[in-house]
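Dock chain one against chain two, each of which comes alone in its own frame, and use the hints as you go.
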Amino acid sequence: MPDVDFFNFFRWTLGTVVTIYASIVTAQSMYGWYVWLAGADKHISMIRRYVIVHGLRLRFLRFWGDVLITILLCVTFMLLWRAHAVVNQIGETLHSNVQRHAQQSH
Amino acid sequence: MSSGTPNNPIDVTALAKTSSDTSVPAIKPTAVPSVSGVTMAPSAFSRQLADLPREELEHLAEEYGLDGSDYKTPQHLIAALHERRQLIAGMDREALLDVIRWGRRPVTANASNELLAQQIVKIRTMRFHGLSQRGLVVLAQLRGIDLRGDEMIPDIVRKLKKQEGFFKKLNRKRRAMIGGWVSSMIGENVTAEYQFLPAPEAGRPETSSRQGTIKEEIEESGLLGGLTNRIKKSADSYVNQKLDEIEARIDRKLDEIDRRLAEWRDKEIANRLRILKITLWASVIVGAFSLIYSYIKVYVLQQ
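Here the protein sequences come in this chain order: A and B.
Okay, so the first sequence: first residue is 76 according to my numbering, each after it adds one.
Okay, so the second sequence: first residue is 368 according to my numbering, each after it adds one.
Bear in mind the hints are in silico, worked out from the structure with no lab data behind them.
If a hint is listed, it holds; no wrong ones were tucked in.
Here are some, though not all, of the chain A residues that point toward chain B, as calculated from beta-carbon distances under 8 Å:
1) Phe82
2) Phe138
3) Asp141
4) Ile144
5) Thr151
6) Leu155
7) Ala158
8) Ile165
Capping the alpha-carbon separation at 30 Å, the derived lysine-lysine pairs in DSSO-like fashion look like this:
9) Lys634(B) with Lys117(A)
10) Lys489(B) with Lys535(B)
11) Lys117(A) with Lys620(B)
Pair ranges (Cβ atoms, derived):
12) Cys149(A) with Ala637(B): 16 to 26 Å
13) Leu143(A) with Ile617(B): 40 to 50 Å
14) Ala115(A) with Arg639(B): 23 to 33 Å
15) Asp618(B) with Ala158(A): 54 to 64 Å
16) Ala115(A) with Glu612(B): 31 to 41 Å
17) Glu423(B) with Val110(A): 41 to 51 Å
18) Ile613(B) with Val142(A): 39 to 49 Å
19) Val653(B) with Gln103(A): 25 to 35 Å
20) Ala655(B) with Val128(A): 40 to 50 Å
21) Val128(A) with Glu612(B): 23 to 33 Å
The structure presented is a predicted model; accordingly, all values stated were derived computationally and were not measured.
Ideal Cβ positions, reconstructed from N, Cα and C, are used throughout, including at glycine.
Next up, chain B with everything else stripped away, as it sits in the complex (with noise of 0.2 Å):
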């Protein structure tokens, strides 16, 4: 998920950014996509993208935070994601990166916007406090809120719960208070400070959610989905762990063969070269006695 093609088949990460102002996400239809690291144009793009099937395309819209069940057909499934590309490319770059700080999703500082905004698409918390306005402005238009992008941070909110809705508010309060009996029950961990990802290490798998309490998680996840990421999270680190472990072993293993390989190596030519020696000594002591017996046949016994 590090790279610039996640999990879709198109490569999104050469999309032009067209504006720095978060406030008008303007559809720009000259901008052009790229497929493949291939620049092309909007029509090819929305091409290739109806050779999708169904449920490619709902998957994808879900990596850009759309609801592919809103859209009857595939045409429109299209025309909302190109639009939505578009609004991601319009983004301004240090807003994402707030949000991203603020919401502790794992990414490395130097990711495209189209990256950072499918990391924000995850973040699903209804707690905003600690995020700037201009963070908020980018989290409320990935959520599909309209705004011009100069309003206040309680406007922002507002509007942000007003379209959570009645029953998912009810339900987010309803985990909430199951989160904070859990976290009662088994106690709370201290996060530490964000970090972004080392850019190096890009490959490397991500942890797949957010770095919050338990009592977060489960207000977000529910209590099941909040207590498998805890363990997944904590399983996680254990095989991380665990592979870095064999990993040296391994690293060990190598260093020992290629010792006794160097050691087998010497071993060997010194016993060809004490082969090649004993021949040598046969060879010569043959040819000593062959020369005196030369010598004896041509002296003594012809006078």
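Isolated chain A (complex conformation) (with noise of 0.2 Å):
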């Protein structure tokens, strides 16, 4: 019988279910909006200059405060992830010690 962590079970699951769906969606509307754009007519060819001088008249100072928080976050995560594959080398270390000892004992 496996031993199944039904905690890990429902993380990698929701993690993997929510990212592919997340990435779909995200990639179907930006093809979208590619599509739309890259369209010949007049008014469509006047809308795409007039979104890339918006992209550009952006200033990024607006937002440093949430882009700052985002990027520390993004860190925070990536090390919380890296702490979870060390504490499960550390389990795996012990439950192999562990097995070996009970081997030596009997």
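This is the structure we're talking about:
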């Protein structure tokens, strides 16, 4: 009988499903915008230029606080991920040591 | 009407200026007219004119001051048109500008001879005071009078009046009388000094007739024509003013739309960032719980 950790199973399943879903929806949306803005009509060309102008006029200094927090959260998330990996590795080492001691005692 | 191609399909702006001597309305058979900016031989030009229907030829002739009904066949009309174009090309530009200033025609200072002549043809007045001798010569030539060019002003005026004809003169006098009555009833307007149209606004629609007094306008165009012209001019200026106002309002609206779009863009980006932040916070919190769970599982439960 396999040893299934339901908490980990739930996390990995949820994370995988949500990541795939979000990636597909984002890619679909971006492709739709790309196809629409790549049109050859005169008004589409005008809108394309207007979007570019708005992009160039955007000032990131207005959102620098939120951007900084987002970057720090991303770093924290990566550190947590790494911590998980370390803890799991420690767990596996301990588990193998315990098994070895048990075999030696027998 | 301010460009090189007024209402006709023939581009006449590049017609070679053959001479500056107004006294000799000579035809130069070697002159090369052009169609749509491409230089072409006179025979090709004539062929192109020959392709036009009679009505368009007559309309074209009218723009050059010719009466299409005077010519029996299209070939005669084409020949007369060709001759008139040569005559215009040979006219003194300063003389043409003199007439334009005197007639207060709405053209730019750098307009071609063709365009100047087409505007001069529209001047119907028989009051020649204030016009220079050279101006009178080109005006008379465009009205179909054969001149040497060195005639004195009274001689030219006499020829012009003689060319007018008895009945036309009678009608003009009658219209002048009516114009006098009307102007005494509604009052005269004082006209400002003449100015050429500014060059960048060459595409603007011209005001259709000479900016004279109401009396002169009625004398030129008749009672109804004069009053119609005056009303048309008032309506034109009113419409132009309204168009300017509408344009300014549209500009203001566009600026407002642009500003609101920029605000919406900033708000939308801020919202997206907030959503991303909430998601990351949730992920980090769940990750921290998960780490505690793993720690407990590894260190506490296994021991």
